[in-house]
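Novice: Chain residues, written in single-letter form:
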Amino acid sequence: MITVENLHKSFDDAHILKGISTTFESGKTNLIIGQSGSGKTVFLKSLLGLHTPDQGIISYNDRPYDKMSVDERIGLRQEMGMVFQGSALFDSMTVEQNVMFPLRMFTSQSKEEMLERVNFVLKRVNLVDANKKLPAEISGGMQKRVAIARAIVNRPRYLFCDEPNSGLDPKTAIVIDNLISEITTEYGITTVINTHDMNSVMEIGEKIVFLRKGLKEWEGSNKEIFKTDNEAVTDFVYSSELFKKVRQMYIEERN
Amino acid sequence: MNYLHAIGSYFLMIKNVFYKPTKWSITRDLIFKEIEDLIYDSMGIVIFISFFIGGVVAIQTALNIDNPLIPRYLVGFATRQSVILEFAPTFTSIIMAGKMGSYITSSIGTMRVTEQIDALEVMGINPINYLVFPKLVALMLFPFMVATSMFLGILGGWAASVYGGYSTSADFIQGITSDFIPFHVTYAFIKSIVFAFILATIPSYHGYFMKGGALEVGKSSTTAFVWTSIAIILLNYLVTQLLLG
Numbered sequence: 001m002i003t004v005e006n007l008h009k010s011f012d013d014a015h016i017l018k019g020i021s022t023t024f025e026s027g028k029t030n031l032i033i034g035q036s037g038s039g040k041t042v043f044l045k046s047l048l049g050l051h052t053p054d055q056g057i058i059s060y061n062d063r064p065y066d067k068m069s070v071d072e073r074i075g076l077r078q079e080m081g082m083v084f085q086g087s088a089l090f091d092s093m094t095v096e097q098n099v100m101f102p103l104r105m106f107t108s109q110s111k112e113e114m115l116e117r118v119n120f121v122l123k124r125v126n127l128v129d130a131n132k133k134l135p136a137e138i139s140g141g142m143q144k145r146v147a148i149a150r151a152i153v154n155r156p157r158y159l160f161c162d163e164p165n166s167g168l169d170p171k172t173a174i175v176i177d178n179l180i181s182e183i184t185t186e187y188g189i190t191t192v193i194n195t196h197d198m199n200s201v202m203e204i205g206e207k208i209v210f211l212r213k214g215l216k217e218w219e220g221s222n223k224e225i226f227k228t229d230n231e232a233v234t235d236f237v238y239s240s241e242l243f244k245k246v247r248q249m250y251i252e253e254r255n
Numbered sequence: 001m002n003y004l005h006a007i008g009s010y011f012l013m014i015k016n017v018f019y020k021p022t023k024w025s026i027t028r029d030l031i032f033k034e035i036e037d038l039i040y041d042s043m044g045i046v047i048f049i050s051f052f053i054g055g056v057v058a059i060q061t062a063l064n065i066d067n068p069l070i071p072r073y074l075v076g077f078a079t080r081q082s083v084i085l086e087f088a089p090t091f092t093s094i095i096m097a098g099k100m101g102s103y104i105t106s107s108i109g110t111m112r113v114t115e116q117i118d119a120l121e122v123m124g125i126n127p128i129n130y131l132v133f134p135k136l137v138a139l140m141l142f143p144f145m146v147a148t149s150m151f152l153g154i155l156g157g158w159a160a161s162v163y164g165g166y167s168t169s170a171d172f173i174q175g176i177t178s179d180f181i182p183f184h185v186t187y188a189f190i191k192s193i194v195f196a197f198i199l200a201t202i203p204s205y206h207g208y209f210m211k212g213g214a215l216e217v218g219k220s221s222t223t224a225f226v227w228t229s230i231a232i233i234l235l236n237y238l239v240t241q242l243l244l245g
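Protein sequence lines correspond, in order, to chains A and B.
Letter by letter, the first sequence follows residues 1 to 255 of the UniProt record's numbering.
Letter by letter, the second sequence follows residues 1 to 245 of the UniProt record's numbering.
With the rest of the complex left out, here is chain A (with noise of 0.2 Å):
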């Protein structure tokens, strides 16, 4: 579980982050949504210890980031694993030496025992026959699935997706949802996904935390945001025809 109290974020004069407070649990994907430049990505990276809050805590499992050691920190990294945006694999090693690489560093497990977890998450992506493989060699949504066995190979608690469905079609990118969505519950990890795509907030959002200009505009559930009165939150998510339809269908059969 991951706590949030307060928190800002300012970069010279720019408030980005004005005192956001909610809760990330364990086991659940946990989204955040929100317009360009409302501030997701400084709060993905404030969570992820890569900016350092003015003010705030920001606490893992009780343990809050501003009282932990150094060593602690590190410890607290290894606990993270992160697919980014562009996946960020290393283009110099093939699939197996990418997911491999977190073993390697911060394992003592021998090459035959790396190589059979390796095979096993890059199994659980449904990725086989792809480990000698180059990134540049495979598809961007198989990248996305290399990322994920990077992030997950050496069970971390927290798991953190920054625009996981960018860049792919829509039925790879409901694959890659049902992923993270799957092995968040299999494996209790606390999972917090930064994102623009409504397929995702509707299929896998089960806490959704809306932001807008740096502050928490709305929380809660994939369910409850077709009841929400919020008026940003219906512009946002609500924003194409097709979502309008089937929002106005929702309410109707409610009704």
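By construction, these hints were calculated from the structure, which means they are not laboratory data.
Note that the structure is a prediction, hence the values are computed from the model and not measured.
Take the hints with a grain of salt, since some may be wrong.
[What the hints assert, rightly or not] Pair by pair, the computed Cβ-Cβ distance ranges are: (1) A:E25 <-> B:W24: 36 to 42 Å; (2) B:I7 <-> A:R63: 34 to 40 Å; (3) B:G213 <-> A:F120: 32 to 38 Å; (4) B:L234 <-> A:A136: 36 to 42 Å; (5) B:W24 <-> A:T228: 28 to 34 Å; (6) B:K211 <-> A:D91: 16 to 22 Å; (7) A:S92 <-> B:G213: 19 to 25 Å; (8) B:L141 <-> A:H8: 46 to 52 Å.
C-beta: ideal position from N, C-alpha, C; glycine also.
With chain A held as given, fit chain B onto it using these hints.
Specialist: Relative to chain A, chain B alone:
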């Protein structure tokens, strides 16, 4: 003000190169890879340039000796001194600032643009140690490259002198063995170690702290080459003054 900030950031980066080291088994593999990429892959160009520049130095020296009182062995002597003192350590370093420097800046810069450095940081790895330390260790073999350049420069001078008819083989060999001061070789190796440090760190700094996209990777490589060359020239003067002045 920006220059002061950059110099400060550079020295902080140097401090971080030795802070929180990466696991040795991984660092060892990276060092071997960097030796291959930076040293082994650069040997061809060093061999080619050294041989022919040595030849040119010998020919130009010979053509400028028109006084019959000046002994012909001076061709060998001048070639040896030029190659050992300046050409092999300094000229090779400037060439490597272009070849290795642009490789280092563009490879680290691309990792920055594609969030690979962020990925290292999120994993709890010190990216500066992971990326720069193996390059620094690999470049401690730079004096070997300089030694090769010295040998081939003098060999090129001998070939040009003898086969071009500017000097006899005996005269040339007498020249390269006359008044030899072994400290000059030590001085050249000390310089090459200093330059190796510059070659590893300044391009790494420009790659690591670059901002923007693919276009900026190219611009950073050019900037890195310019600043690496300037640093080499300035340190060349300083070290020469300190050791030979």
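Novice: Assuming the hint says 46 to 52 Å, is it satisfied by the Cβ distance from L141 of chain B to H8 of chain A or not?
Specialist: 50 Å Cβ-Cβ, so the 46 to 52 Å window holds.
Novice: Between the beta carbons of E25 of chain A and W24 of chain B, is the distance compatible with 36 to 42 Å?
Specialist: At 39 Å between Cβs, range holds.
Novice: Does 19 to 25 Å hold as the CB distance between S92 of chain A and G213 of chain B, or does it fail?
Specialist: Taking Cβ atoms as reference, S92 of chain A and G213 of chain B lie about 20 Å apart, which means the hint holds.
Novice: Just to be sure I understand the hint, the distance between the Cβ atoms of I7 of chain B and R63 of chain A should be within 34 to 40 Å; is that true here?
Specialist: Since I7 of chain B and R63 of chain A have Cβ atoms about 38 Å apart, the given range 34 to 40 Å holds.
Novice: Given the hint of 32 to 38 Å, check if G213 of chain B and F120 of chain A actually sit that far apart at their C-beta atoms.
Specialist: holds (36 Å)
Novice: Verify the CB-CB distance for K211 of chain B and D91 of chain A against the hinted window 16 to 22 Å.
Specialist: Holds - the Cβ-Cβ distance for K211 of chain B and D91 of chain A, about 20 Å, lies within 16 to 22 Å.
Novice: So the hint says 28 to 34 Å: do the beta-carbon atoms of W24 of chain B and T228 of chain A match that?
Specialist: violated (54 Å)
Novice: Holds or violated: 36 to 42 Å for the Cβ distance of L234 of chain B and A136 of chain A?
Specialist: Roughly 40 Å apart at Cβ, these two residues keep to the hinted range, so it holds.
Comparing the model with each earlier hint shows a violation of hint 5 alone; every other hint is respected.
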